[in-house]
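Undergrad: The primary structure of each chain is shown beneath.
2 protein chains.
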Amino acid sequence: MEDRKSLKIDVALVHYPVINRAGDIIGSAVTNLDLHDIARAGFTYGIDTYWVVVPDEQQQEVAGKIVAHWTEGYGGRVNPHRRDALSLIRICSTLDEVIDGMTAKWGARPFVLATCARPGQSSIEYAAVRNMAAEEKQLLLLFGTAWGLTPEILLRADGILPPLKGAGEYNHLSVRSAVSIILDRILAPAADR
Amino acid sequence: MEDRKSLKIDVALVHYPVINRAGDIIGSAVTNLDLHDIARAGFTYGIDTYWVVVPDEQQQEVAGKIVAHWTEGYGGRVNPHRRDALSLIRICSTLDEVIDGMTAKWGARPFVLATCARPGQSSIEYAAVRNMAAEEKQLLLLFGTAWGLTPEILLRADGILPPLKGAGEYNHLSVRSAVSIILDRILAPAADR
Numbered sequence: 000m001e002d003r004k005s006l007k008i009d010v011a012l013v014h015y016p017v018i019n020r021a022g023d024i025i026g027s028a029v030t031n032l033d034l035h036d037i038a039r040a041g042f043t044y045g046i047d048t049y050w051v052v053v054p055d056e057q058q059q060e061v062a063g064k065i066v067a068h069w070t071e072g073y074g075g076r077v078n079p080h081r082r083d084a085l086s087l088i089r090i091c092s093t094l095d096e097v098i099d100g101m102t103a104k105w106g107a108r109p110f111v112l113a114t115c116a117r118p119g120q121s122s123i124e125y126a127a128v129r130n131m132a133a134e135e136k137q138l139l140l141l142f143g144t145a146w147g148l149t150p151e152i153l154l155r156a157d158g159i160l161p162p163l164k165g166a167g168e169y170n171h172l173s174v175r176s177a178v179s180i181i182l183d184r185i186l187a188p189a190a191d192r
Numbered sequence: 000m001e002d003r004k005s006l007k008i009d010v011a012l013v014h015y016p017v018i019n020r021a022g023d024i025i026g027s028a029v030t031n032l033d034l035h036d037i038a039r040a041g042f043t044y045g046i047d048t049y050w051v052v053v054p055d056e057q058q059q060e061v062a063g064k065i066v067a068h069w070t071e072g073y074g075g076r077v078n079p080h081r082r083d084a085l086s087l088i089r090i091c092s093t094l095d096e097v098i099d100g101m102t103a104k105w106g107a108r109p110f111v112l113a114t115c116a117r118p119g120q121s122s123i124e125y126a127a128v129r130n131m132a133a134e135e136k137q138l139l140l141l142f143g144t145a146w147g148l149t150p151e152i153l154l155r156a157d158g159i160l161p162p163l164k165g166a167g168e169y170n171h172l173s174v175r176s177a178v179s180i181i182l183d184r185i186l187a188p189a190a191d192r
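Chains as they are written, first to last, in numbering that gives the first Met the number 0: chain R, 0 to 192; chain X, 0 to 192.
So that you can see chain R by itself, here it is in the shape it has in the complex (with noise of 0.2 angstroms):
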């Protein structure tokens, strides 16, 4: 693998629980570009684990495969920056389980940050984010697929980052657009930014 210094941030996307276009609670099911382009992004941007969060058995089956092929398949000998970058990815059943995780490989439970693209949820900005990266705390960055996080997962939160705002109200970004974007603004170079 391309030598790389990572951070210690993590990315997780829930698949489960999050909620649909009318606010129930259901399960997503695993996309195959939300697997690369998070990947990739995450990184660029010197993350150490990116956690697909789908307790469905069939679907960490299919999210397996599609991890495989580039970790480990045909994929990976063609394309390794591809293999790098899907290599940051584990799958998993439960946000506990990457919390618990990232409180075994660091010693310390992170800080988790949630993400909601709904106004008036949010309670830390960019600013302090970035600070808290400077400063080598151990960060959880949680983006929610379909129509985002439940709110109990927004209450277990330490943090709400602010919905991306552009040019007026509209702002139904994809979730590997917000990924990026918020990688960006927490982890770009200051020069670049």
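Watch out, some of these pointers could steer you wrong.
Because identical chains share one entry, a pair is satisfied inside a single copy or across any pair of copies.
As the list claims (entries may be wrong) - In silico DSBU-like cross-links for lysine-lysine, where the CA-CA straight-line distance does not exceed 30 angstroms: (1) Lys64 - Lys136; (2) Lys104 - Lys164; (3) Lys136 - Lys164.
Hints are computed from structural coordinates only; laboratory data are not their basis.
Position chain X relative to chain R; hints supplied.
TA: Showing chain X alone in chain R's frame:
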């Protein structure tokens, strides 16, 4: 469509001419998520038009069917946010068509900004482009699919943006991520950055 003030900024995603891994000039295929993700990011950040540059007629037909499903068909009735985003898309054959179309709608040739993931090519900083956007200068942001824009297109541009850098030398982002991050760097409200 959702009420929205758009900027004098367009994005173009080039499928031909681009380069492949070996540096040969090729044409790439349209992908569904390049249409969706970039349209959603473009609508969020206030761009006026998202040009999909693809000369192949069959590829144009595929892209046109996807767009029509969301702008005129069932998709848009179920998900009006997606209809709004995909309504930004214009399918065309060449970069000249993009530049002529922008010149016609705004009465002046746009300042053409190319993007390139390779180091040593850049000629303009993000801060300078932010200032141009704030001064309502007409801008065209050019992105390449596959392994990126050809040297010939880079030479035609008025400026080349620096590659997106994270923690090290690895910067193999998807074009969907790169567009999202660059729109955020140029167009996010200053207070949010």
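Undergrad: Confirm or reject each hint.
TA: Hints, one by one, checked against the model:
Taking the closest pair of Cα atoms, Lys64 and Lys136 never come within 30 angstroms of each other, the shortest separation being 33 angstroms inside a single copy and 48 angstroms across copies. For a Cα distance limit of 30 angstroms, the shortest separation of Lys104 from Lys164 across copies, 27 angstroms, qualifies, whereas the shortest one inside one copy, 34 angstroms, does not. Taking the shortest Cα distances, Lys136 and Lys164 sit within 30 angstroms of each other both inside one copy (26 angstroms) and across copies (21 angstroms).
Hint check: a violation occurs at hint 1 only; the rest are consistent with the structure.
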